[in-house]
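S.K.: Construct the complete structure from the given sequences, taking the supplied hints into account.
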Amino acid sequence: MHEIKITTERKTQLVNITEQVQAALGDPNGAAAALVYVPHTTAGVTINEHADPLVAQDLENALQKIVDDGWDWKHVEDPDGPNAPSHVRASLTSPQILVPLRDGKLALGQWQGIFFCEFDGPRDRKVFVTPLQ
Amino acid sequence: MHEIKITTERKTQLVNITEQVQAALGDPNGAAAALVYVPHTTAGVTINEHADPLVAQDLENALQKIVDDGWDWKHVEDPDGPNAPSHVRASLTSPQILVPLRDGKLALGQWQGIFFCEFDGPRDRKVFVTPLQ
Amino acid sequence: MHEIKITTERKTQLVNITEQVQAALGDPNGAAAALVYVPHTTAGVTINEHADPLVAQDLENALQKIVDDGWDWKHVEDPDGPNAPSHVRASLTSPQILVPLRDGKLALGQWQGIFFCEFDGPRDRKVFVTPLQ
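Residue numbers (the numbering used here), protein chains in the order written: chain A, 339 to 471; chain B, 339 to 471; chain C, 339 to 471.
Be a bit skeptical, because a hint or two may be false.
Any copy, or any two copies together, can satisfy a pair, since identical chains are not distinguished.
[What the hints assert, rightly or not] Mimicking DSS-like on lysine-lysine, the simulated pairs with C-alpha atoms at most 25 Å apart in a straight line are:
hint	residue 1	residue 2
1	K464	K349
2	K403	K443
3	K443	K349
4	K443	K412
5	K349	K403
6	K464	K443
7	K412	K464
8	K403	K343
9	K464	K343
Worth flagging that the hints you see were computed from the coordinates, not collected in a lab.
M.R.: Now the structure itself:
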């Protein structure tokens with residue numbers, strides 16, 4: 339299991355980590371897939387378009403609309419401040435993504451990038467990368 | 339493939355199954371990850387905070403808001419009663435989650451727990467746990 | 339890694355690909371799970387009920403309600419036309435699903451089918467199927 343470190347700068351921020359994931363894999367020696375896992379409860383991971391950065395911005399805005407800050411939230415005593423909507427946005431994306439490998443390389447589609455999804459930044463975060471046979 | 343049995347008590351209910359998943363794995367003998375799979379179409383699985391039970395309650399309420407019972411649903415002749423929104427909530431979470439293992443233990447973050455997501459309870463449910471190399 | 343080809347007919351369309359996934363696996367020779375991966379950024383994959391086709395129709399309609407075409411989208415210069423909401427719907431479902439295998443067969447629940455989720459059709463699409471140990 340390899341570990342990537344990320345520092346986020348905004349409350350809600352998608353960060354393209356495709357190159358870091360590929361680098362963490364090194365030579366995966368015949369592995370069939372790479373598991374990208376986020377060990378946090380107010381962050382997630384998704385795959386989407388890397389070419390136009392406005393797609394990531396649209397995703398950030400959409401998740402803030404789908405899960406509204408103004409709803410009647412119960413979880414209000416978090417040591418990091420009220421962040422109940424951040425927890426829900428994390429579950430709507432996912433804590434993990436599994437990508438097939440072809441000759442040791444992530445078999446992503448032409449427009450696909452792997453994005454770390456920060457929903458309660460800025461923070462120091464980590465991501466686990468695990469090759470599977 | 340190991341099987342966990344769960345009995346839910348409410349229509350929409352998140353149940354922390356972290357300990358049952360770890361117990362089902364037993365000694366996973368060098369496995370790299372554990373697949374947690376829900377073989378139902380009105381239930382799912384997610385990972386989120388286990389420390390404050392209000393986070394799970396917020397997730398339950400949020401999924402009922404994001405997918406509204408009052409929309410114009412077509413699937414109304416289910417043997418279990420009208421449950422179209424339950425099907426959509428199940429797809430918004432996920433039928434599966436894959437967690438890396440470290441020395442045979444689930445490599446969850448400090449605040450992470452694995453939650454079975456009931457969206458059409460109360461019911462008897464099962465969850466499959468499969469170690470992967 | 340096996341490849342499935344799909345041609346979709348509508349802008350938003352769920353297509354049951356369960357049989358194609360099972361056929362692509364062939365004899366998976368002791369594999370423990372099958373990874374179904376979508377290499378596109380305006381499509382995804384989910385698992386839901388195959389028995390009543392109205393469930394898939396409800397899912398299509400719900401994703402169009404949860405992510406509204408009329409929001410203030412930034413990504414408007416796509417070569418395929420304005421499709422920002424399609425990108426968000428793809429991330430709300432998922433680019434991948436992992437299904438355990440039992441004796442080489444997908445261990446799906448009684449009512450479960452695997453659905454390719456088109457959010458920007460009609461198009462020619464592909465899906466990768468990878469057995470894991």
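S.K.: So, for every hint listed, does it hold in this structure?
M.R.: The hints, checked one at a time:
1. K464 - K349: Close inside one copy (16 Å), not across copies (35 Å); limit 25 Å.
2. K403 - K443: neither (35 Å within a copy, 37 Å between copies)
3. K443 - K349: neither (32 Å within a copy, 31 Å between copies)
4. K443 - K412: Neither: 44 Å inside a copy, 31 Å across copies.
5. K349 - K403: Intra 14 Å, inter 23 Å, cutoff 25 Å: intra and inter.
6. K464 - K443: Both: 21 Å inside a chain and 18 Å across chains, each within 25 Å.
7. K412 - K464: neither (27 Å within a copy, 29 Å between copies)
8. K403 - K343: neither (28 Å within a copy, 34 Å between copies)
9. K464 - K343: The answer is within: 5 Å in one copy meets 25 Å, while 33 Å across copies does not.
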